[in-house]
Amino acid sequence: KKDINKVDDETLILADVSEKAMRQVKEFALELLSDKVEEGILTKEQAERIVDELVSGKWTHDYPLSFEKVKEMGLKVSTDMPHEVYALMSLYPQSGMGRPSVQYIPLPITPKQNEKK
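With this note's numbering as the guide, the letters of the sequence shown map in order to residues 1 to 117.
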C-alpha cells in the first residue's frame, strides 16, 4: 500500500468522497429492504449480505443483474409482468446497453491527413 504522505490531495479527497458515497448507498439500500425484514421475509443478516453484494463494487452500475442472480442473492423475484407494463415500456424505447463495443465510437473519427481518396 502506498504511503499516505505520497498520495496527492485530490486522490485523498476522491477516496473520502467515495467512502461516503458507498456508506450512503448501503444505508439507502438497507432502508429499501427494511420492510422485507419487518415482514419476516428476510432476516437483518440476509438484507445486509444482499446489500453488501450489491454495493461492494463487484459490478459496474450498468451491469444487468439476471433473474437467476437476483434470486440467488435471496431476493424474491418474478418474471410475471402485466401486459400493460410492456405496452407502457414500448412507448419509451431504450438505446441498448451503454457498454463499449466494437460499434461504440466515443469521438468523431476524421480521415487521416495522408489518407488517399
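Just to be clear, a hint being listed does not mean it is correct.
As the list claims (entries may be wrong) - Computed beta-carbon distance windows for the label pairs:
no., residue 1, residue 2, range
1, ASP8, MET89, 44 to 52 Å
2, ARG23, SER66, 23 to 31 Å
3, ARG49, LYS20, 34 to 42 Å
As the list claims (entries may be wrong) - Calculated lysine-lysine pairs in the DSSO-like style (CA-CA distance at most 30 Å, straight line):
no., residue 1, residue 2
4, LYS6, LYS20
5, LYS20, LYS44
6, LYS1, LYS26
7, LYS71, LYS20
8, LYS44, LYS1
9, LYS1, LYS20
10, LYS69, LYS6
11, LYS6, LYS44
These are calculated hints, taken from the structure and not from any lab test.
Nothing here was measured: the structure is a model prediction, and the numbers come from that model.
Beta carbons: idealized from backbone N, C-alpha and C, even for Gly.
Here's how the hints hold up against the structure:
Taking 44 to 52 Å as the suggested C-beta distance range, the pair ASP8 and MET89 conforms, at roughly 46 Å. In this structure the hint that ARG23 and SER66 lie 23 to 31 Å apart at CB holds, the actual value being about 27 Å. Range check, ARG49 to LYS20: Cβ separation about 22 Å, and the 34 to 42 Å hint is violated. With a C-alpha separation of about 22 Å, the suggested pair LYS6 and LYS20 falls inside the 30 Å cut-off, and the hint holds.
The suggested pairing of LYS20 with LYS44 holds, with an alpha-carbon distance near 22 Å, which does not exceed 30 Å. With a C-alpha separation of about 26 Å, the suggested pairing of LYS1 with LYS26 holds against the 30 Å cut-off. Between LYS71 and LYS20 the alpha-carbon distance is near 29 Å, which keeps this suggested pair within the 30 Å criterion. Distance restraint check for LYS44 and LYS1: the Cα-Cα separation of roughly 34 Å exceeds the 30 Å cut-off, and the hinted pair is therefore not satisfied.
For the suggested pair LYS1 and LYS20, the alpha carbons sit about 21 Å apart, so the restraint of at most 30 Å is met. With a CA separation close to 41 Å, the supplied pair LYS69 and LYS6 exceeds the 30 Å bound. Using a Cα cut-off of 30 Å, the hinted pair LYS6 and LYS44 is violated, with the two alpha carbons roughly 40 Å apart.
When held up to the earlier numbered hints, the structure conflicts with 3, 8, 10 and 11 and fits the remainder.
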